[in-house]
Amino acid sequence: MTTDTKQLIRQLTENADPVRPLRRPSTRAAAWLVFSVAYIVLVLLIMPLQHDISQKLHDKLFIIEQIATLATGLAAAIAAFASIIPGYGRRWIMLPLLPLMTWLATLGPGCVRELNRYGFEHLPLQHNLWCFPFIVLLGAIPAIGMAVMLRCGAPLTPQLTAALGGLAAAGLANAGVRIIHPEDVSVMLLVWHVGSVMALSALAGSIGRYVLDWRSILKFDA
Amino acid sequence: MRQSPDNCFAELMRAAQAGDALAYARLLEQITPRIRQIVRGQRRFLRAEDIEDLVQDILLSVHTVRATYDPQRPFMPWLVAICRNRFADGARRYARSAAHEIHVENMAVTFVANPANNTMDNYGDVDELKEAIATLPAMQRDAIRMLKLGEMSLKEAAVARNMTIGALKVATHRAMTALRKMLAKER
Numbered sequence: 001m002t003t004d005t006k007q008l009i010r011q012l013t014e015n016a017d018p019v020r021p022l023r024r025p026s027t028r029a030a031a032w033l034v035f036s037v038a039y040i041v042l043v044l045l046i047m048p049l050q051h052d053i054s055q056k057l058h059d060k061l062f063i064i065e066q067i068a069t070l071a072t073g074l075a076a077a078i079a080a081f082a083s084i085i086p087g088y089g090r091r092w093i094m095l096p097l098l099p100l101m102t103w104l105a106t107l108g109p110g111c112v113r114e115l116n117r118y119g120f121e122h123l124p125l126q127h128n129l130w131c132f133p134f135i136v137l138l139g140a141i142p143a144i145g146m147a148v149m150l151r152c153g154a155p156l157t158p159q160l161t162a163a164l165g166g167l168a169a170a171g172l173a174n175a176g177v178r179i180i181h182p183e184d185v186s187v188m189l190l191v192w193h194v195g196s197v198m199a200l201s202a203l204a205g206s207i208g209r210y211v212l213d214w215r216s217i218l219k220f221d222a
Numbered sequence: 001m002r003q004s005p006d007n008c009f010a011e012l013m014r015a016a017q018a019g020d021a022l023a024y025a026r027l028l029e030q031i032t033p034r035i036r037q038i039v040r041g042q043r044r045f046l047r048a049e050d051i052e053d054l055v056q057d058i059l060l061s062v063h064t065v066r067a068t069y070d071p072q073r074p075f076m077p078w079l080v081a082i083c084r085n086r087f088a089d090g091a092r093r094y095a096r097s098a099a100h101e102i103h104v105e106n107m108a109v110t111f112v113a114n115p116a117n118n119t120m121d122n123y124g125d126v127d128e129l130k131e132a133i134a135t136l137p138a139m140q141r142d143a144i145r146m147l148k149l150g151e152m153s154l155k156e157a158a159v160a161r162n163m164t165i166g167a168l169k170v171a172t173h174r175a176m177t178a179l180r181k182m183l184a185k186e187r
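Just so you know, the sequences run in chain order G and X. Heads up: the first sequence is residues 1 to 222, going by the working numbering. Heads up: the second sequence is residues 1 to 187, going by the working numbering.
Keep in mind that the hints were calculated from the coordinates and are not lab data. Careful, some of the hints might be misleading.
[As the list claims (entries may be wrong)] To be clear about the criterion: a stretch of chain X counts as covered by chain G if any three or more of its residues have a C-beta under 8 Å from a C-beta of chain G, and this derived list gives those stretches: (1) 14 to 20; (2) 60 to 70; (3) 79 to 92.
For clarity, every value in this text was computed on a predicted model and none was experimentally measured. Ideal Cβ positions, reconstructed from N, Cα and C, are used throughout, including at glycine.
From just these sequences and the hints, can you work out the full model?
Okay, here's the thing in structure tokens:
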């Protein structure tokens, strides 16, 4: 062992405060979900509802869609937290695929129906443009919480981890927006809601390298 | 029964996470040859000092993310994953910096003109300078002697001459202007 390495080990040992091992990804995701849902519920309570939600509670497709959206958010959060643990199986990254497919599938029958009714050129894509800012508003605090929690781990795959974190926050925010959203047209939901969630996830992925970077987390106080 | 190295590392890491500095030192000392072996295996073309740099980088990474080690899981896959990631990160960084660098050969000459190829300034006439300084008013002369010849700081010179720093700066500026004029005239 060279002198420099020996010296480094001595300095690292002198600065080794006790650390609490990170909890399992599923436990951390659950904690994040509780915090995020509490924030979203708080914002929704402050905002006036734009339509009667009680009617929607009898709509099976709406319930499945909401469960799938929440599951996508939760699965993406678990995958994001798993991706910052060295040696954790890479298959966890695929976890959000199933709920995401289910979410898309809930929009499928409506899309086909509207396509048959209006034709491709006259599809109803006019939209209340507030839905994107609402997803951003509801997703901002969960996204910040996610970023803080992700920085406690190892930035092994910064872009992918950030994209999964973004998907978790935006997916959860979308579930909140659907409660106050007045419109219910499947093609529009596919384009604006799924599109917004994917765009925010891609945006998070593109800045992942700057938020989750080895150089920014390496600690050496010697 | 003898413990496997992985179990031994896991136990040491558990103790290290709890704040046992001795166990942590033992762990780092024991994994360092392993890390060096992994680095040598993956990066055969590196020089010895570059290998040591990489080993130290990995040790620092292990130290920073030691909270991500789950005591219920094996230790070596955790360590190897960090090593592999640091290799990939280092390679990416190298590729990024190489893409923005242009290698230029050292040029012996900058321009053909002589003034561009001087390696040092020529000294002027020292006696002439001394005479010029002697003709300056007392305050300016002292300022030049203390700040330029004696290399005192502004604060030290101000205390020595019982002047404010501002006044000293003004005196130095005036002295330099006067000296420039005198020496230019004499040439």
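Subject >> Hints that the structure is at odds with (numbers, increasing) >> reply: none
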